[in-house]
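J.: In order, the protein sequence lines correspond to chains P and R. Going letter by letter, the first sequence gives residues 15 to 122 in this note's numbering. Going letter by letter, the second sequence gives residues 3 to 434 in this note's numbering.
One or more of the hints may lead you astray.
[As the list claims (entries may be wrong)] Computed from the model, here is a short list of chain P residues facing chain R with C-beta under 7 Å: (1) Asp71; (2) Leu73; (3) Pro82; (4) Lys83; (5) Asn85.
[Claimed, not checked] Quick list of the computed label-pair ranges, beta carbon to beta carbon: (6) Asn103/P x Ser263/R: 54 to 60 Å; (7) Asp114/P x Ser182/R: 41 to 47 Å; (8) Ala94/P x Ala192/R: 43 to 49 Å; (9) Gly37/P x Ala429/R: 43 to 49 Å; (10) Ala131/R x Arg115/P: 27 to 33 Å; (11) Pro121/P x Ala131/R: 51 to 57 Å; (12) Leu305/R x Asn103/P: 53 to 59 Å.
No wet-lab data here; the hints were simulated from the structure. What you are looking at is a predicted structure, and each value in this text was computed from that prediction instead of being measured. Virtual Cβ for every residue (Gly too), placed ideally from N, Cα, C.
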Amino acid sequence: MSDDLHWHDACAVDDIETEDVIGLDIAGKPIALYRSPDDEFFATDGLCTHERVKLSDGLVMDYVIECPKHNGRFDYRTGAGKGAPICENLSTYQTRREGDRVMIALPN
Amino acid sequence: MITDVVIVGAGVGGITTATALRSAGYAGNITIFGQETTRPYDRPPLSKNGLTDDPFALSHLLTPEQQFDDKIDLQLGQVVVSIDRAAQIVTLGSGQQVAYGSLVIATGATARPLPIDGGHHALLLRSDADARRIRDALTHNCSSGPSHSLRSPLDPARTARLVVIGGGFIGLEVAASARSIGCDVTVIEAGARLMTRGMPPEISAVAEAAHRKRGINISLNAVTQSIAVNDDASFTVMMKDGHQYRADVVVAGVGAIPNISLAEAAVLSIDNGIAVDQHLRTSDPAIFAIGDCCSYVHNGQRLRLEAWRNAVDQANTVAQVITGNTAPFHVVPWFWSDQYDLGLQVSGLPDTAVSSVVRKRDDGAVVWFGLDQHGVLVSAAAIGQGTGIAKDIRLAERLIAGGVTPAPHELSDPTKDLKQLVKRLLAAEVSP
Chain P
15 MSDDLHWHDA CAVDDIETED VIGLDIAGKP IALYRSPDDE FFATDGLCTH ERVKLSDGLV
75 MDYVIECPKH NGRFDYRTGA GKGAPICENL STYQTRREGD RVMIALPN
Chain R
3 MITDVVIVGA GVGGITTATA LRSAGYAGNI TIFGQETTRP YDRPPLSKNG LTDDPFALSH
63 LLTPEQQFDD KIDLQLGQVV VSIDRAAQIV TLGSGQQVAY GSLVIATGAT ARPLPIDGGH
123 HALLLRSDAD ARRIRDALTH NCSSGPSHSL RSPLDPARTA RLVVIGGGFI GLEVAASARS
183 IGCDVTVIEA GARLMTRGMP PEISAVAEAA HRKRGINISL NAVTQSIAVN DDASFTVMMK
243 DGHQYRADVV VAGVGAIPNI SLAEAAVLSI DNGIAVDQHL RTSDPAIFAI GDCCSYVHNG
303 QRLRLEAWRN AVDQANTVAQ VITGNTAPFH VVPWFWSDQY DLGLQVSGLP DTAVSSVVRK
363 RDDGAVVWFG LDQHGVLVSA AAIGQGTGIA KDIRLAERLI AGGVTPAPHE LSDPTKDLKQ
423 LVKRLLAAEV SP
């Protein structure tokens, strides 16, 4: 359904450190953008599914983001929750690099 | 019919036990008996949005769909009154009897009433009904029935005066919430500082300054003697030293008492809560206890924690044990509190530290690290905007779990990256 996607310029590649996350507001939508240990970029919803807490304040270790409050863990590549208290997975969004920019595709 | 797992208590511990059992592949019957009739909900928001938002939407722990998918038999408004350990049967208030293979006691704790003359005038906070009562008293939007003439409604133009007795987490959260809706708030604490039980002095001091800056009147070393009702339905809180405070609402946050009567009647071992072993078994191997009602051994010391994450972690462990995994319960204690836009988190037990260092971050956040006599990091605590301190505490938790001895300057220097420290020290530990 790529027709329904719109690519947004999210940030510069260097705005995120390796194995870290930043929070962005893209077209009014909170997004968490991750840079993996092998320098790939991933994007998920910006708020934890459990209590609407900002994931960008959470800790990234390898491919896992930990919610900053309830210790819920997600694989940020797939959005899959890893055990209680998570009962809902995170939505993920496509990303791509264009030069030194990171782009995110959001549904229209 | 045999019900395989029976869970007593539908708080976060009980509900998480049920869902974690299903996640672990458990296929037997799961029945939860909850005393409250409200659908199971998360308690932490009660002292925050629960007091400021009207209407306030409860955060439910289990959706009806999830309950259906996980085949959880959730029975609300049911009190388990006794356990027949020999027959492995519980009896409900209705007289109904239910057999169990494993029984999980997750009965939580009850807010401690204020043990002074007139102490019953102080409202307590534990349930959604308690939160509603406090919210109504603060805002005077008493719409809970025709008999709200118990206390004369105050002039809405006047600011409600709240006295909070107890400067711990709950008391300060209530104070912050009430202040944010415009109440005139006084916090009375018997100890020499705020949050004596949960936080180190350096973090208490930052919190105290933040509360004072927002206009909260704080009285330390202040012992309450009595509460009296005045003719205008307001209260007078009398202190041992003769001071008096006038209040429209009094709330007490002076600790909690573990709900152990069911376990006591069944002659299970009790030691500051229901005593459990490292697999969260009580003195009866078919019965487990988790959360606020149980005490377990942590680093050689028996500990009872009243904390959300402890209940969740223990629920996950008990689900593992019931499904045949024998990994013992061992996690670093962790708490959080929200006061205004400030987040507080603590990992490990601050009072086990003999020395400490403080990291002052550029964004104003303060992170405290506590070390034992061997220089091992045993606790960390922090206060800062929102959830901005979470990463540092989470990293500190890994260092604490690893039992490492970081150099104090690496902890105190805000330019030193804690994640790199974790990687270096924990990698050094696992390498030969």
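J.: Please go over all the hints and tell whether each is borne out by the structure.
T.: Now the hints, each set against the structure:
no.: 1; hint: Asp71; verdict: holds, 4 Å
no.: 2; hint: Leu73; verdict: holds, 4 Å
no.: 3; hint: Pro82; verdict: holds, 3 Å
no.: 4; hint: Lys83; verdict: holds, 6 Å
no.: 5; hint: Asn85; verdict: holds, 6 Å
no.: 6; hint: Asn103/P x Ser263/R: 54 to 60 Å; verdict: violated, 40 Å
no.: 7; hint: Asp114/P x Ser182/R: 41 to 47 Å; verdict: holds, 43 Å
no.: 8; hint: Ala94/P x Ala192/R: 43 to 49 Å; verdict: holds, 48 Å
no.: 9; hint: Gly37/P x Ala429/R: 43 to 49 Å; verdict: violated, 29 Å
no.: 10; hint: Ala131/R x Arg115/P: 27 to 33 Å; verdict: violated, 53 Å
no.: 11; hint: Pro121/P x Ala131/R: 51 to 57 Å; verdict: violated, 41 Å
no.: 12; hint: Leu305/R x Asn103/P: 53 to 59 Å; verdict: violated, 34 Å
Consistency note: the structure conflicts with the earlier hints numbered 6, 9, 10, 11, 12.
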